[in-house]
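Trainee: Chain by chain, the residues run as shown.
Number of protein chains: 2
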Amino acid sequence: MKLRDLQYFCSLYKTGTFTELAKSFKVEQPTVTLAIKRLENELGETLVLRNRSKGIIEVTQVGEILYHHAQNILHEENLASTEIKHFNKGIRFGLPPIIGNLYFPLVAKKIAEDGLMANLELDETGSNQLYQDLMAGKIDIALLGSSLPIRNKKLTTNFLSSGEFVIISSKKHWLAKQNTVSFEDLKQEPFVTLNGKFIHDHVLNLYSQRVNFSPKIIFETQSIETLKNLVAQDVGIALLVKDAILPTDNLAVNYLQSPLPEKFNVSIATRKDYIRDNLEKKFIEDLEVLKNKIHQA
Amino acid sequence: MKLRDLQYFCSLYKTGTFTELAKSFKVEQPTVTLAIKRLENELGETLVLRNRSKGIIEVTQVGEILYHHAQNILHEENLASTEIKHFNKGIRFGLPPIIGNLYFPLVAKKIAEDGLMANLELDETGSNQLYQDLMAGKIDIALLGSSLPIRNKKLTTNFLSSGEFVIISSKKHWLAKQNTVSFEDLKQEPFVTLNGKFIHDHVLNLYSQRVNFSPKIIFETQSIETLKNLVAQDVGIALLVKDAILPTDNLAVNYLQSPLPEKFNVSIATRKDYIRDNLEKKFIEDLEVLKNKIHQA
DNA sequence: TATGGGTTATAATTTAAATTAATAAGTATC
DNA sequence: GATACTTATTAATTTAAATTATAACCCATA
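If you're matching them up, the sequences are chains A and B in order.
Throughout, the working numbering is defined as the position within the first sequence, counted from one, plus 3.
Throughout, the working numbering is defined as the position within the second sequence, counted from one, plus 3.
Derived from the structure by calculation, the hints contain no laboratory data.
Just so we're clear, the structure is a prediction, and the values are computed from it rather than from any experiment.
Hints are all accurate, no fakes.
Quick list of simulated restraints, FRET-style, between CB atoms: (1) Asn215(A) to Ala179(B): 49 to 57 Å; (2) Lys92(A) to Ala111(B): 53 to 61 Å; (3) Lys26(B) to Lys112(A): 50 to 58 Å; (4) Asp117(A) to Asn44(B): 31 to 39 Å; (5) Arg213(B) to Lys92(A): 49 to 57 Å.
Not close to chain A: a few residues of chain B, all C-beta gaps over 12 Å, as computed: (6) Thr22; (7) Leu125; (8) Leu259.
We treat Cβ as the ideally placed atom computed from N, Cα and C, and that holds for glycine.
Work the whole structure out from these sequences, hints included.
Mentor: Set out below in structure tokens:
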């Protein structure tokens, strides 16, 4: 079996004609015809049913099997190339905005002192996208947020911390007079939320589902600062990780009664079996310090 | 990148010298030297440090990265070949002995009627080994036993049933006078067990651990019939799936007080994304009937 | 420090394989 | 049945890979 032939085959699967395929690879048509024949001869099975006026009519069941494995093979080849290309070159690191705001600053000084800051190639997007990027080999290390501990056989994870969700409100708000609140009592309250950031949204929905109402969301923002300011000005209340709240924030905090198991979990994640270069080892060591620092902050 | 070069490289990783490697592939030594050079040139990195008197000194870190991915690539290629080779040819099926004894007979008639019996290539061994065989592509479908529901991203599983563990004893035994028993009360009792079969052993150990004693095991057997006979003759008591006990067995049954979550779970398993041929689809349909039949029996 | 026994590297040659170019041969549509 | 679109076949060419023979290297030890 030849990797090039598998590339041709996967591409044929998508384009549907030998002619187009040949053009896209900038080779002549007989080249690809013979390549597919090579595969068919080696496997002793027909992979695609041809039609000399339309191109391919159908990929056979055997063709489907091969396609699936070929995709895996080519993905793995690609991963090998990019990992090697980036080895000892820089730290391709994924950091979700909220974690970047809340926790990363706690170790940033140490990382800078170790001379690693200049080597960081930052990918700042949500945890879901970062997971995709990790699997696709676009990044090698990520801090991932998750509402439950990560259980994923394709990742190596190192759990750092678990942050509690609380309800914040202005000090003028009726909530300010109490320390705990049942989510049920918030049916009438206007909410401000962190938009697009999977976890806060997701957990707010879970709490709502349990008491069977849709929260009245009057404003969405990407920024924790904005969120806190809006709440401080009594525009609405919000669900937020407790760690995000500072003593100087002028906010009232209410713990949730009978809280859900969902927390704001933070973990370091790499692809399973990913081999770390020396820079990355040092970097991960520095990140691991977060385990002790987070709940002191 | 060439698959053949990756094969050479993986083999070099193991043998340690170019000369040996060349011999094992029955090619001349410069062939493999050039193959590794091709890889190194393409990746722009040294993969192994050579020593012209001893063979290879060391595989570099980059070499380690490549080796890991190369293994995956070659494994996937192998899987593609064997899956295609066996497509529409026969049903490579793994059946653990206990499940083969207890449950498979319930659907055997239907499978025979559908003319599938002759197509079965049976792999009869323990569930752990069957999982290995499944991943290695030696079999394609298995009935797997597990003490907890299977959660494995590399498998597609279809849960069939969950059998309760009970304590069986002779009708002369003091246990015969009661219906339930606390495991703690069995400290002094001699046990007969099913040997080598992971689940029964494993669950017996879990119960023992909880009450902090090692059960006195006086006999181990592979056969459920033997086990039941020994118990009936009051040689000892045993932990057994309730489904294995027939009304005609002349045994006393005791349910466990505060049972553990571990049960005798049975699931159909295939590799994730495995494409079933028509025989296999029919076969799996027939197996799925077990879901309804098991607890009627 | 010269030599022998092990290794890997190199260059020229041979062999094998993939690609091309030109053309044939299907299949559908009008 | 001519046209326009495919894929298939063939022989010639080009490219790549394996071999052969030999060189270069490393190290132990005489």
